[in-house]
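On the provided structure of chain A, position chains B and C as indicated by the hints.
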Amino acid sequence: MKKILFALATTAAVIGFSAAASAADKAKICFVYVGSKTDGGWTQAHDLGRQELEKALGDKIETQFLENVPEGPDAERAIERLARSGCGLIFTTSFGFMDATVKIAAKFPDVKFEHATGYKTAPNLATYNSRFYEGRYIQGQIAAKISQKGVAGYIASFPIPEVVMGINSFVTGARSINPDFKIKVVWANTWFDPGKEADAAKALIDQGVDVLTQHTDTTAPMQVAAERGIKAFGQASDMIKAGPETQLTAIVDTWGAYYIKRTQAFIDGKWETTSSWDGLKDGILTMAPYTNMPDDVKALAEATQKKIESGELKPFTGPLKKQDGSEWLAAGVSSDDGTLLGINFYVEGVDDKLPQ
Amino acid sequence: MRIELERRPDVSKLFSILSPFIALGLTLVFGGIMFMLLGKDPLSALYSFFIEPLTEVWSLHELAIKAAPLILIAVGLSVCYRSNNWNIGAEGQFIMGAIAGSILPVVFYEWQSPLVLPLMMLLGMMGGALFAAIPAFLKAHLNTNEILTSLMLVYVAQLFLDWLVRGAWRNPGGMNFPETRTFDATAILPEMIASGRAHWGFGFAILAAILIWFMMRYTLKGFEITVLGQSERAGRFAGFSSRKMIWFSMLLSGALAGLAGIAEVSGAIQQLRPVISPGYGFTAIIVAFLGRLNPLGIVVAGLVLALTYLGGEAVQVSLQISDKPIRVFQGLLLFFVLSCDTLIHYKIRMMWFDLTDTTADGVR
Amino acid sequence: MGIFEAILLTVITAATPLVLAAIGELVTERSGVLNLGVEGMMVMGAACAFIATQQTGSPYVGILAGIASGALFSLLFGFLTLTLVANQVATGLALTILGLGVSGMIGESYVGQSGIKLPQIVFPILSDIPFLGPLLFRQDLIFYLSIALVAGVHWFLFRSRAGLKLRSVGDSHSSAHALGINVIRTRYLAVMFGGACAGLAGAQLSLVYTPQWAENMSAGRGWIALALVVFASWRPWRIVAGGYLFGAVSISQLYAQAFGIGIPSQFLSALPYLATIVVLILISHNRRMTLINTPAALGKAFVPDR
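Protein chains in written order, with the working numbering: chain A, 7 to 362; chain B, 15 to 378; chain C, 765 to 1070.
It should be emphasised that the hints constitute simulated quantities derived from the structure, not laboratory data.
Please note: incorrect hints may appear among the correct ones.
What the hints assert, rightly or not - Cβ-to-Cβ under 7 Å is the rule here; a few derived chain A residues that face chain C:
| no. | residue |
| --- | --- |
| 1 | Thr44 |
| 2 | Asn195 |
| 3 | Pro200 |
| 4 | Asp205 |
| 5 | Ala226 |
| 6 | Asp357 |
| 7 | Asp358 |
Note that the coordinates shown come from a computational prediction; the quantities given were computed from them, not determined experimentally.
Quick reminder that beta carbons are idealized off the backbone N, C-alpha and C, glycines included.
This is chain A alone, in the form it adopts within the complex:
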């Protein structure tokens, strides 16, 4: 017994020592997740980004994460724990962590923070976001080409600007091909409930939509679409496995590029606070392969993607009308980022009343 205890103690000491040694020469990059790192959606995408970061800069850094952190006071504690455990740069990956991150950033001026999808910054707190709507514009165009009935179904999570922006971009893209295109929206009031998302998908399909897109995290809607024989778009990750003959493309969150860029700057001592809103051209989101569509549609999608990447095409460019028919953007005018980030109205063509 004594021997075992001794062995355990030495192992503990060795582990403790090696951890201390590596901490001294390696920068610690930390992540706070709102969900489980294997949720197959939002959080998993961030965790894949973390893994890419480890692969790219593994000799100079080590990473650490806390998962399933509830928003609110628990988040504040989790972030503080990481800040105290020697993290140099901390990414907080949910909108709901915003105020917690702001508070802890003020308390630890020597630690750098990056908050995803928020709008509050500080000298040691940057924000970052991804122009998911660029991908949704392409999806809208594909939907308009594929759909026989001219109606797409849209499973939405919660009415926040991010989701409303996606809906508008999708409709704008679709209407650039078919000016009469319409979408039906169902608010599932959840990010993550396979059963409810499947029910929402069935409700939409039963009412005649023949293309499905989702802004919730599980593959359940994709599975329902596959079963009912209609086409669908994936969300957050490539969902081709759930619908090999169903998925047209998917918006894949690829945060890795951003994490590597920022961590490199941090190591080099060149980290500065920013409010970055990267898009397709920066690789912060990518489109899953265009599949299950005729070649001409695929060509159109690829061409649109190129135009967006080169900056030639901006999805929200006039003439665009709001849902009530009043003018939003005059011909040739593109929306500014500020309006987009706080958007709470629909464009024309959405068959739904925006929850206010």
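Only chains B and C this time, still in chain A's reference frame:
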């Protein structure tokens, strides 16, 4: 093998104190084995879980913050459960208390006065109590089972909060994100001591626990609660009304849950958001029973449960594992604590060879 | 297929897990044991059913695994509450915490895999009946089982000797004990039946409803099942009524949204809960009837005197 229980003539004082430690020991052994199987060093895991959160001042404050709502709610629930009223909707009462208390800092945000804070707390208690009045009324006058009504109303409260923060109460300067304006300094519950961010919510919790303990032990009301809880018939003979008790216990627990809600929002979150509780109302049910429905026991139980959350994060950070094994470990700890409490009332006999009963009933 | 029929099909899929878990819990509660761990047993069933299906390629093996895991998991609850007379409410809640943790741990490597959907069993001739045919006779095994189980439980409780014994244990364990009924064994079996049903409900989630495994995929359905038992005032057929009412209200709100009606979705989402309360108020008016059906010894521990 067969396990048999034999009732002790008296409650064992020794095991009342010893049983949590036996449970802890068993958890350490089994948890250690689990961490070892996961390829992690069990000693440092257990250290991070149980000791590390207690070694630093900031984390003691966090412990108090996490434990405060659990204790406040559980103390109220203990009165309910002792009187045989099964309020399991404290989560909803927590939320409605938070909403009612937030009327001042959100709607009347221009009114800044030292009166705001006490009024908020009062409104919070009223909000929680009024929401608990619904199942109370339905049970007392329409004979409707309170387990169902109080549980269903939790979802209604959550959706009501969601609707508010996305609509009428949304912060006009908040980029249309679903949250209210942040509270003015006059509406924020101050810190208890200067060394950290633990707010007066914890003070309320301790105060409530002492008051309810006193009530249960030394007042006629406490006696009434116990008698009615043990037998409605006996209570009637003593001249107690079980209908009045439904109202009393539900309103009391609703008010305390509501106070917990507004204290959490005002002290820790400082605005309303779509989700303000990671299930405090449900976790508090476990806390109430872990504390053996005794308000002072509940204080200890609330702190222990809060420690399991803090310790869980510490282990995640120090061992680099996911939070799933931590949940399992937490479940193990609860199981051992619950089962070791058997020792207080019973002697346990292991019958290795069953010679007495040839018709072997299997497990008894 | 008409829209009404389509809605009903969606409702059936959504209601089946609720009915299954609730009918199991009903038997448990009729024996006098309150197991609040339905959510935990359900999510364990979902994980084990999915894993077994992926390993063997057969969803029927998956069903068995779901049932077995639910029953085994409930045994843990039984040991604590029946053998060691630990508090039932707290143990049930702890079981849920443990179930969510264990299922997440064992299912971690199965996230994102596309599962095998349980095939339909089509009854010839019957399935051609207009309207009812596709609804009732073109379903999967678990749906048929759910109906058979409700009928079986009804027969068992009110027509069989063993059922009478079980009810008497739930109404007064001391009298039952005095009559020579083995209270503890009866309750163990009832708890395991409840666990098995919850496990089967979980299997329905990961094999029929959405053929995949996602952490915490039961998403609160175990709690609804618990409420349904109360709603049904411990009578089997009312479980079906309650389950389908709840399913119908929650599904039709999604259809109403897709139809484009302009009511806040939060209000629509709250409807199933409010509807359940209102209906319960209406049916619990008769105090005597409610008392007859409520197991008097519910939640009370029993230790045989020796």
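Consistency of the hints with the structure:
1. Thr44: holds, 4 Å
2. Asn195: Cβ of A/Asn195 sits 5 Å from chain C, so the hint holds.
3. Pro200: holds, 4 Å
4. Asp205: Holds, because the Cβ-Cβ distance from A/Asp205 to chain C comes to roughly 6 Å (cut-off 7 Å).
5. Ala226: Holds, because the Cβ-Cβ distance from A/Ala226 to chain C comes to roughly 4 Å (cut-off 7 Å).
6. Asp357: holds, 5 Å
7. Asp358: Since chain C brings a Cβ to about 6 Å from A/Asp358, closer than 7 Å, the hint holds.
Hint compliance for this structure: every hint is met.
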